[in-house]
Amino acid sequence: MRLRALLENEALGLRLLGGDDELDRSVRGVMTTDLRDPSRYLSGGELVLTGLAWRHAPEDSEPFVRILAEARVAGLAAGEAELGRVPDDLVEACARYRMPLFAVHESVAFATITEYVVRQVSGERAGDLAAVVDRHRRMMTSGAAGGGPEVVLGLLGSDLDLRAWLLSPTGRRIAGPGVGVGGGSAADASGGTDPGAASTVEPTEITNTTGTAGTAAGALPAAVGTALAAEHLAASRAGRRPPHRVTVEGTAYSLFPIGAAADTPAGTPGEVRGAVLSDWLLAVEADAADWPAARLDLLQGVTQLIAVERDRRDAARTVRRRLAAEVLELVQSGAAPAEIAARLRVAAPVLLPGPDTAPHWQVVVARVDWSRDGNGSGDADGDGAATGRVARALLEEILVDPAAQGAEPADRIAVAHTGGEAIALVPLSVLPPTGDGPAVEEALHAETLLAAVREPLSAGLDGDGRLTLGVSAAVSSAEGLRGALEEARHARRVAAARPGRVCAAGHHELASHVLLLPFVPDDVRRAFTARLLDPLREYDRRHRAELVPTLEAFLDSDGSWTRCAAQLHLHVNTLRYRVGRIEQLTGRDLARLEDKLDFFLALRMS
Numbered sequence: 000m001r002l003r004a005l006l007e008n009e010a011l012g013l014r015l016l017g018g019d020d021e022l023d024r025s026v027r028g029v030m031t032t033d034l035r036d037p038s039r040y041l042s043g044g045e046l047v048l049t050g051l052a053w054r055h056a057p058e059d060s061e062p063f064v065r066i067l068a069e070a071r072v073a074g075l076a077a078g079e080a081e082l083g084r085v086p087d088d089l090v091e092a093c094a095r096y097r098m099p100l101f102a103v104h105e106s107v108a109f110a111t112i113t114e115y116v117v118r119q120v121s122g123e124r125a126g127d128l129a130a131v132v133d134r135h136r137r138m139m140t141s142g143a144a145g146g147g148p149e150v151v152l153g154l155l156g157s158d159l160d161l162r163a164w165l166l167s168p169t170g171r172r173i174a175g176p177g178v179g180v181g182g183g184s185a186a187d188a189s190g191g192t193d194p195g196a197a198s199t200v201e202p203t204e205i206t207n208t209t210g211t212a213g214t215a216a217g218a219l220p221a222a223v224g225t226a227l228a229a230e231h232l233a234a235s236r237a238g239r240r241p242p243h244r245v246t247v248e249g250t251a252y253s254l255f256p257i258g259a260a261a262d263t264p265a266g267t268p269g270e271v272r273g274a275v276l277s278d279w280l281l282a283v284e285a286d287a288a289d290w291p292a293a294r295l296d297l298l299q300g301v302t303q304l305i306a307v308e309r310d311r312r313d314a315a316r317t318v319r320r321r322l323a324a325e326v327l328e329l330v331q332s333g334a335a336p337a338e339i340a341a342r343l344r345v346a347a348p349v350l351l352p353g354p355d356t357a358p359h360w361q362v363v364v365a366r367v368d369w370s371r372d373g374n375g376s377g378d379a380d381g382d383g384a385a386t387g388r389v390a391r392a393l394l395e396e397i398l399v400d401p402a403a404q405g406a407e408p409a410d411r412i413a414v415a416h417t418g419g420e421a422i423a424l425v426p427l428s429v430l431p432p433t434g435d436g437p438a439v440e441e442a443l444h445a446e447t448l449l450a451a452v453r454e455p456l457s458a459g460l461d462g463d464g465r466l467t468l469g470v471s472a473a474v475s476s477a478e479g480l481r482g483a484l485e486e487a488r489h490a491r492r493v494a495a496a497r498p499g500r501v502c503a504a505g506h507h508e509l510a511s512h513v514l515l516l517p518f519v520p521d522d523v524r525r526a527f528t529a530r531l532l533d534p535l536r537e538y539d540r541r542h543r544a545e546l547v548p549t550l551e552a553f554l555d556s557d558g559s560w561t562r563c564a565a566q567l568h569l570h571v572n573t574l575r576y577r578v579g580r581i582e583q584l585t586g587r588d589l590a591r592l593e594d595k596l597d598f599f600l601a602l603r604m605s
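Once you know that position 178 of the sequence shown is 177 in numbering that gives the first Met the number 0, the rest is easy, because the numbers rise by one and skip nothing.
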């Protein structure tokens, strides 16, 4: 705003005592002070309000005004309540330093002037920011991204003094203060040297009587991010209109959804639930209850801008999703291992850049199930495809290291969906050996995957939804993928038998006959036998090695090498070779009673 606007508002009752030729100065903030030297609290552009308590003698006026002039303040408004009038020595000092001077009538409170200035300055700064955001939106929708969400959040901080973070559905920090290169400056957002760019105002502060400025920007604690995500998902699932105002650890936040949930009408939980589980979240450290409509509109524009970037980055996952879908289609259709292996060789460099060209793989299966209780929970696609897409988005997020920050840390994840089920093909890198120890493989563990996401996702699913997850053992070749897929699917069914909104189970929970006995249904029988016997059957088919008959004979002979060799009419060394091959293909040890028992059950159930 301009100084001239102070005189145009009759409610303020200000009288101009000098500086009529300087009334076009911009006012960027307001400060009330009675300090003799307030310079440490001035950043330039302020309207300084003073009650003159600092003035004890006429000679005090000149140094006070000099300090204000050196700080490049916009103007000075002196109250008449203390002395009954503004002293002449102050008027003369202001004239000497070309400092506009206003007299504040004793009936006018400084708070009235402060409120007016803050309202005008905030409105203009919001307008300036809106212009930059609009320009940035055009850049992002017409060409390459102009800096991504980091730039927009930097603008919110520099131009509106709003700290904000972009969070994933599980509360993982994607952008904002303390996240990677987040928290860009207004200069970044202005697009460099573009002469046609809308300019931003310089960062300013509204300072109180003691000169205390706002808190410095900093990182959002992981626990707070998780809590905010949980609050947001719960509020959205309840059908409440955003922004959602919450308090976490004594700090107020306003939560804005990014994506489809932002436009979903309240009171339609059947449509809201899928969207809120997969959309980003903008968390602003402020209570939006008293915000003017213009500022709320601006924040809605920011969310739309970030949504464009979200869609762009989501589209970038198309290649990885397609690779996963192609591999899984081959696995489920019973394609030859050589054909699957060829497809894996194509996928490996995309999913695991670097020297590892033949990694081991794990399969993770996820499913979101909704209760059919009259809330409109049926799938719009009629075949589970919409629910499958929600499960895919969740699985892509779950598989990201919760400590990873930024918008695209999921370069090693390929997730497809078939029907209502999401299936991830995860390559495992092998860590180099340490000391004399062997190389160590980084395998996924079911409970570890859910540790950081259980709280927010439970809130988002509360009422009528469940997420269940199954994790296979690692396999080293295309031949093992079919068994790994079945293993992950049945591990997920084990998880589904447990209480809770978010549950997971791993392959180790299918390895014992004690846990398998309750699972009498045919599909469970097939899964257990396929994991143990399919590698042997496939090897027999290709090499006519008769490993399955050898295994049966070995178990029937109670592990006696001599009796088994005689029964099969083999030399003992040939028998030892076959048993070694069985152990190599299955990862089991036929010297262990547990493994013998598992093979015995698999043969009996096949």
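To be clear, the hints were calculated from the coordinates, so they are not data collected in a lab. Backbone N, C-alpha and C fix where the C-beta goes; we use that ideal spot for every residue, glycine too. Wrong hints could be hidden among the right ones.
[Claimed, not checked] Here are the simulated distance ranges between beta carbons: (1) A288 x E248: 13 to 21 Å; (2) R311 x P62: 54 to 62 Å; (3) L554 x H507: 17 to 25 Å; (4) A442 x R311: 31 to 39 Å.
To see whether the hints hold, each was checked on the structure:
{"no.": "1", "hint": "A288 x E248: 13 to 21 Å", "result": "19 Å, holds"}
{"no.": "2", "hint": "R311 x P62: 54 to 62 Å", "result": "57 Å, holds"}
{"no.": "3", "hint": "L554 x H507: 17 to 25 Å", "result": "23 Å, holds"}
{"no.": "4", "hint": "A442 x R311: 31 to 39 Å", "result": "32 Å, holds"}
Consistency note: the structure conflicts with none of the earlier hints.
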